[in-house]
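One-letter residues, chain by chain:
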Amino acid sequence: MSPQLTLQTPLQLPPAEIPLYLEQLWSQSQLGNTGANTFCLLIWQPALIEQELIRTGKLAGPIIGNQRKELIEAARHTVLENDLPHCTHPLDKTVLSSLSSSKGIHNSEDLRGQYVDVAISALNPRRLITFAPTISNSHPLETLVAAYCPLNEEGNKNSACGDVVVLRGDQKSLLKGFGILTKLLPKELPSWLWWNSNLDDAPESLNHLAIKERRLIIDTALGQPINCLELLITRIHSGQAVNDLNWLRLRSWRETLAMVFDPPHRRQALQNVIRLDIDFEGDHPVQALLLAAWISNRLNWNLEASNKKEGNTIQAKFKRPDGVFVEVILIPLPVGNPSIHPGQIVGMRLICKSNKSSHKPMCVILASESGECMRLEAGGMASMELLEEVVPNQQNSVEMDVARLLSSSRGTTSPLLAASAPIAAKILDCEMPS
Amino acid sequence: MSNPTTNPLRVGLRQERVISPQCLVIFGASGDLTHRKLIPALFQLFKQRRLPSEFAVIGCARRKWDDNEFRQKMENALSKDSKEDQNLLKDFLKLLFYQSVDLQDPEGVINLATRLEELDRIKATHSNKTFYLSISPSFYGPACNALREAGLLSDIKRSRLVIEKPFGRDYSSAQILNQLVQSCCQESQVFRIDHYLGKETVQNILVMRFANAIFEPIWNRNYISSIQITAAETVGVEERAGYYESSGALRDMVQNHLTQMLAITTMEPPGHFDPEAIRNEKAKVLQAARLADEIKPWNCCIRGQYSKGGTQNQPLLGYQEEPGVNPDSTTETYVATKLFIDNWRWQGVPFYLRTGKRLAKRLSEVVLTFREAPVHLFDAAGGSPTSNQLILRIQPNEGADFRFEVKSPGSGMRSRPVEMEFSYEESFGEPSDEGYVRLLADAMLGDPTLFTRSDEVEAAWRLYTPILELIEDSPWQLPLYPYESRTWGPAEADALLAKDELLWRRP
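Order-wise, the sequence lines are chains A and B.
Using our numbering, the final residue of the first sequence is 606, and nothing's skipped along the way.
Using our numbering, the final residue of the second sequence is 513, and nothing's skipped along the way.
Calculated from the structure, these hints are not laboratory results.
The beta carbon of each residue, even a glycine, is placed where N, CA and C say it ideally should be.
Be aware that one or more of the hints could be misleading.
[What the hints assert, rightly or not] Partial list, derived from the structure: chain A residues whose beta carbon lies under 10 Å from chain B:
#1 Leu-429
#2 Arg-438
#3 Arg-470
Throw the hints in and build the complete structure from the sequences for me.
Right under this line is the structure:
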């Protein structure tokens, strides 16, 4: 499904006039409609790679900010063209740096905030406020506003109208625009901030926008792993509701592993795990760390030691409740055509063995649809009960992931994520909040 | 973790839809259903963290209780099963409130509206309200009118009405009730409960049929020779004599639960998984269903009533001896009936429905019997080859069996039947939620998929109208056959199938 444009051409107004304009727009006398009674979504949407690809003529405009197929293809093409390693993630910072140093003066219309992904518009957001920083450092603040009614392709009559507000400008001028937010966010509705960007970017803006009362959506697959985990645990620790898209994508792995142990006769084996291997794409270990942390938390293991070995392999030692040690190894694998999300898990192996039990040792291998699990299958599996499952690839766009999250979240941090994040950070030896 | 009966990796994984902030108003809060089913179901949702923090339950009844008294009663009801959850229970009880309301007194409903406004402010429930009518059916009309007059149903998007069974006593009373309800609110606001639809295994019929490519091509008259739907209970009338005397097995079980199972088993595939698409298909198939002999219903319907039984040590009373039952009662406790569905998919396939109290076993199941192989190449170890059967076990021992012929080991080529079994217990290991947990959540989510629409209810009543009219006008034509308690019903029910050279499945 293609994204939808606002029905109304956005009106450019001075920032100070926007709250009053919207108030009038929704007053009973104007439309007889007070708008959707749902939620407000703030989106920090720099779309830096898209802007650079368009500036350098590698992608046709307009700038829309969504993770469309053409954008990913153009970014992958840039990786090859600029002799970057084939395993470079298409939206990686190195792609951005190589584009920034390329020449180009192509201009295009900037329609960020005006294209709403169908998956998100189907949830009838009351107000979408998009912050659209420009790559130019001298772009004054522009503010646009438009009423918005989702056009439902399936004729669902339940859609309700909302509005979009766009704040566009360079980073400095955007900071000035944050002042109008308090007047734009109805107190009775929950508001979400989706940081649709690398977590290393624009820390000042992040701090301004991600106040504790707002539900935060981040992607810990984007940014320095240590920064990502530190930000995640700091925010969770402060009591903010944090939703991580990287954690959301882990769901099919958690579900498949849980499924393996649903039959009651296999559950005893969970108490006898002696080894866990996780292979992940590229060099971003956060998803793998979160998976290892979740398993260890659910099985009550204690982290005893961890270290980083050659080639960015992470090794950790946990102690089970019965005192037996569990070896955990997270191995980064370079892949030729990396997923659109960095650090996706490629495969995992769990070995359960008990000296006391007469049961055969059990080896569970999960592999992603596109992954190879030969490495995990090697090494003495013949004497074990082997259980293998294939985990579907998570290739949804971020917009789809956000829509899934908005439609299923309770607006609080998942207790499982809250319990797993500190363990993941500890394995990576992050600084923990006191 | 020390208890391997739960899967530690499964905890917190279920991705449930989020119930929006709201106030649930239960009319009939002092009644049996509230403390036996509704409040435990809400507590279950609370434990699963599926209730929003902006949530309140207002119990309403005529009794002059206050919030604390209501909470105390509900705590007593819940404490029996939730000793380990005392802290959770305390938190849950804080969500409960009570308002004394006499539905025939307009002032009482106005007071309720004021209380709702007050709780809406305190609990930030966004004016979302779900009204649950757990009251005597004779009060459905007054309750709807009172709610309409107080303006509590006027917001189509923010107010919903849940109505318990029975929805009417026959086709015409169901029509009148539908008209009355629809004069008070929109059909989209109405959620008519049939708790069988809340059962995981009933919903699984849809998934089995429409998520697997192997079943649907053979799910028709070309491959299926007959279908049996059974809901058997071992218990008698228990404390429900007052209701049951005026209802009987046909109204209590067949018109709703068995007919809903029939609809789900026989409906066409919907274009997409959408409440209206599913309900359209269910309504269509029920409209195409008819009694096997509408002119002479006694040819396709057997009524029975349980008599004494049991053992010397544990004798069981007959229905007419039960407390609260008229000693000359002619209420049926058993019904077996034969139906046809006049559409392309099912033309000519007989459907046999049976239900009864005090039968030999407690079970609900749907049994699809397939046509025999056109040529018998092999001798059957049992004399003749058995037809393939797919048995969908609704309760207990939830799951499915497929019966087919295999080569009997040995030097010859003889066939014998075997069963391939899927068991919820073995595959998932954890009990499913009670039907009310699912249905209450769905009603509060505004998802009507598992609720019956007005046209479905009417079609279901119309289907049995010839029998109901006969019972009313000339009951001697549809005699009541006695059957011994803890047997499989009257012999006449066996004869109903014997005419078609079939047997009831005896599980």
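Quick rundown of the hints versus the structure:
no., hint, verdict
1, Leu-429, "6 Å, holds"
2, Arg-438, "9 Å, holds"
3, Arg-470, "5 Å, holds"
In terms of the numbered hints stated before, the structure departs from none.
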